[in-house]
Amino acid sequence: MPDLRIEREGSVAVLTIDRPQARNAIGLNTMAELDEALAGLEDEEIRCAVITGAGDRAFVAGGDLRELESVTSEDFAAEMAVRMRRTLDRIASLPIPVIAAVNGAALGGGAEVAVGCDYRIAAHDARIGFTQVLLGLMPAWGGIERLCALVGRGRALYLLTTGSVLTGREAAELGLVEESVARDRFEARWRELAEQVARAPRPALAGIKRAVQAALPGSRPDLEAAAVRDFARAWTDPRHWEMAAELERQRRQRSQNP
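Just so you know, we're using our numbering here: the sequence shown kicks off at 1 and counts up by one.
Hints are supplied without guarantee of correctness; some may be wrong.
DEER-style ranges, computed between Cβ atoms [as the list claims (entries may be wrong)]:
#1 8 / 210: 35 to 45 Å
#2 8 / 252: 32 to 42 Å
#3 35 / 200: 18 to 28 Å
#4 86 / 43: 18 to 28 Å
#5 192 / 136: 35 to 45 Å
#6 248 / 93: 31 to 41 Å
Since the hints were derived computationally from the structure, they do not count as laboratory data.
Note that CB positions come from ideal geometry on N, CA and C, so glycine has one too.
With these hints in hand, go ahead and build the complete structure from the sequences.
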């Protein structure tokens with residue numbers, strides 16, 4: 001069964017990460033399917049795309065650690081990080097806006113997927129956090145640079161080093177998401193927003209997106225490479241797996257004693 005569900009609604013493409021049993025966490029297959037789906041957005045008839053998660057509990061609850069625990073070498077960890085980073089980089093090069101509809105938890109890698117989109121709309125009660133540090137890791141999918149661009153260096157460093165989790169409402173106040181909406185109006189609002197964007201001609205959307213991209217400071221390939229190396233070392237450090245096991249133990253304990 002595919003990890004990603006793709007629907008066309010007029011000129012809008014909706015990409016739903018459909019792994020509710022894993023809280024829509026991203027595994028290796030999900031990475032490949034998302035990359036392929038984004039490549040398909042070059043279709044001239046599509047003028048806006050939305051990435052969201054199945055259900056209302058999670059947007060993307062990070063990487064699927066139970067699946068990715070097979071990644072035990074630094075080289076493989078670095079390859080995995082580069083692969084997902086390139087997938088999210090693809091969003092910036094697309095000629096149409098890609099909206100993150102953050103319907104629930106966007107944690108760790110999920111927060112990186114959210115900031116990798118062109119802009120974000122979140123439910124008031126969604127939870128957004130760069131929680132990698134709680135697993136002894138750092139973001140390696142381009143999330144650090146994107147977070148700095150959105151909220152500034154000091155706030156980014158605070159969020160990254162504390163692993164703080166914000167509600168959708170708090171994230172909007174901070175500038176991390178562009179709009180926060182009550183749960184009962186959330187889906188209707190993001191669909192309305194996507195339809196509004198898709199009414200514009202594709203050449204105009206492409207030109208605006210290129211101009212905005214050109215106005216941003218350029219990326220540093222040396223820093224990108226360093227981030228990937230640091231992530232790979234942290235991923236293979238035994239302390240990362242000890243912390244992951246402890247968080248999983250706590251999660252199971254909470255589920256057994258609600």
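Hints and how they fare:
1. 8 / 210: 35 to 45 Å: violated, 24 Å
2. 8 / 252: 32 to 42 Å: holds, 39 Å
3. 35 / 200: 18 to 28 Å: Roughly 26 Å apart at Cβ, these two residues keep to the hinted range, so it holds.
4. 86 / 43: 18 to 28 Å: 20 Å Cβ-Cβ, so the 18 to 28 Å window holds.
5. 192 / 136: 35 to 45 Å: holds, 41 Å
6. 248 / 93: 31 to 41 Å: holds, 36 Å
In summary, the one numbered hint that this structure violates is 1.
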